[in-house]
Amino acid sequence: MTATTEPILEVDGLVKHYPLTQGILFKKQIGAVKAVDGVDFTLYKGETLGIVGESGCGKSTVAKMLCHLERPTAGVIRFKGEDITRLSGRALKAVRRNIQMVFQDPYTSLNPRMTVGDIVGEPYEIHPEVAPKGDRRRRVQELLDVVGLNPEYISRYPHQFSGGQRQRIGIARGLALRPEVIVADEPVSALDVSVQAQVINLLDRLQSEFDLSYVFIAHDLSIVRHISDRVGVMYLGRIVETGRDAEIYDHPTHPYTQALLSAVPVPDPEARDHRERIILTGDVPSPTDIPSGCRFRTRCWKAQERCVREVPALAVPDVFRAVSGPAAHDSACHFAEERQVVPAEGEHGNGPG
Amino acid sequence: MLLEVRELQVEFRTRDGVAHAVNGVSYAVDAGETLAVLGESGSGKSVTAQAVMGIFDMPPGRITGGQIFFQGRDLLKLREEERRRIRGAGMAMIFQDALSALNPVLSVGDQLGEMFVVHRGMSKKDARARAVELMERVRIPAAAQRVRDYPHQFSGGMRQRIMIAMALALEPALVIADEPTTALDVTVQAQVMDLLAELQREYRMGLILITHDLGVVADVADRIAVMYAGKIVESAPVRDIYKAPAHPYTRGLLDSIPRLDQKGQELYAIKGLPPNLLDIPPGCSFHPRCPMAQDVCRTDEPALQEVSDVRGSACHFWRECLHDRDH
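Residue numbers (numbering that gives the first Met the number 0), protein chains in the order written: chain G, 0 to 352; chain R, 0 to 326.
If you are wondering where the hints come from, they were derived from the structure by calculation, not from laboratory data. Everything numeric in this text was worked out from a predicted model, so none of it was measured. One should not assume that every hint holds.
To be verified - Example chain R residues on the side facing chain G (calculated, C-beta under 10 Å, incomplete):
no.: 1; residue: D184
no.: 2; residue: Q190
no.: 3; residue: I279
Just so it is clear, CB atoms sit at the ideal spot from N, CA and C, and this is done for glycine as well.
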């Protein structure tokens with residue numbers, strides 16, 4: 000993983016509102032589900048950007064918009080500097096080739112009536128310029144080999160494979176067009192623990208082999224840390240904190256990130272004894288009715304008057320602006336402060352700064 | 000001992016043959032104790048629990064051997080009517096997916112109250128009052144109003160709390176929780192597990208926690224039984240297992256989870272796939288995936304051997320496995 004400083008995907012003020020309407024003949028909009036409500040990030044060439052959040056935070060909607068499966072209500076998506084948000088027709092097709100998706104559920108994202116060869120080769124039907132007809136079977140077999148499946152399985156059907164193998168098929172399909180960006184939406188959350196590790200290692204290997212950039216979306220913070228160079232934490236349609244992985248995991252400054260990290264069970268009974276737990280009260284508010292000011296304030300133990308009135312910007316908080324340490328990263332909180340919630344491991348000698 | 004399962008065997012007849020889901024499982028739970036049953040899908044962890052509850056469909060399922068002692072009585076010898084009296088009052092189950100486990104056309108108050116009407120012969124009105132109490136007990140805000148609401152009107156975390164309330168309604172001696180927090184978000188998971196642990200302490204229940212998540216186990220369990228291909232391969236107090244697993248499968252599971260407090264290099268991955276229950280490998284069922292496998296593993300099935308007086312491992316080479324970790 001050699002991340003560069005050359006941006007490959009830039010997202011600016013991305014918004015997706017689903018209108019709520021009333022009436023049958025005369026539809027009147029009475030509100031909106033604000034699934035994504037102003038998201039900015041940059042993905043650099045060769046890096047992995049992890050996006051974490053709980054269900055309903057809008058992370059999957061972001062993924063769909065990146066792949067043009069959903070049209071943004073507002074905002075701009077740039078691929079290698081070119082605005083691709085409103086492309087259509089041939090231009091859109093060309094861009095889509097370069098941004099491919101790996102889906103969460105390997106049981107529903109593969110057509111049960113198609114053979115593996117047809118599934119992995121289907122992208123070539125849509126983009127015939129990538130592989131001439133006579134060459135396709137060989138290409139598909141190569142892809143199966145790359146993802147660790149026996150190339151002889153080309154005429155089998157999805158039900159003949161286990162969950163982990165199916166996810167490999169999904170990955171092979173994503174790779175078929177040699178894309179530069181892969182958007183993976185919870186690619187391992189439907190898999191068993193012992194198989195998860197196999198798929199994560201595969202994604203890691205493919206990244207260096209094919210020079211890929213990943214947007215990796217998940218709710219599992221441990222997996223995101225393992226694979227990501229940078230991480231963005233989403234809450235109710237916005238990124239509330241973002242930074243390099245050590246900045247987010249070892250020096251979180253946003254209370255939501257701290258709560259999220261402290262809630263992750265650590266598989267070590269020794270560590271649980273000297274570990275602080277922050278247990279949030281209540282549930283995530285409805286995205287149709289987002290709280291004023293800071294959207295996290297209804298569950299935040301630090302919330303004050305100012306949080307009701309003022310929306311905190313995603314920037315380096317004032318208190319950290321003077322210092323140049325790992326705590327100085329973007330965090331959308333008026334009262335940001337550093338708090339270590341993940342016990343530091345002795346064997347990694349990463350000192351402060 | 001509150002519950003003791005001895006050499007339980009369960010099979011399912013399918014179109015393709017007989018699936019051996021549980022192959023001689025023994026475990027025990029005492030009052031106030033939490034036993035975690037850990038395993039991947041198809042390991043038989045849920046089927047064992049369903050046999051204890053007496054709730055899986057027969058046919059196609061069949062209990063072909065073993066005994067289940069609950070408070071001294073062998074459940075498998077009881078008539079269905081007697082078992083029904085034990086279910087709910089003596090032992091109760093919390094299911095993974097609260098939305099599909101609750102009845103969508105009955106209000107939660109009716110469903111909670113039903114327990115008291117059926118088992119305790121209460122009037123509908125008294126049962127409703129008890130339902131409100133229970134909902135308060137599991138910290139559902141405005142319980143008196145919400146008792147009339149239907150399952151879809153609650154969030155995932157609240158629905159799971161209603162499931163917990165329902166399981167605890169008659170103060171059973173044993174609660175079986177089958178992946179109680181898997182469908183929930185992490186911050187809500189922590190709330191629900193905390194509540195469950197608190198109530199368990201209060202009522203001194205025995206708790207069987209079925210899960211695939213080693214993290215959840217570390218947080219709450221006293222003992223762990225690790226299952227693979229319908230058998231317990233390792234059984235130990237929770238601290239021992241995390242410090243030094245005595246079975247290569249347990250070790251593989253522990254090594255293959257990414258840790259929040261470590262940014263590792265390559266993750267350790269157990270090679271291969273979980274076995275097909277229609278065709279379980281001979282010898283040790285884990286041998287095709289085991290890094291330590293030798294000839295004896297392909298032919299001789301290892302029994303659960305005593306590692307210490309509180310732990311056991313079904314591996315021919317448990318000594319080497321334990322030792323390997325100590326470096």
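Quiz prompt | Non-conforming hints, listed in increasing numerical order | solution = Failing hint: just 3.
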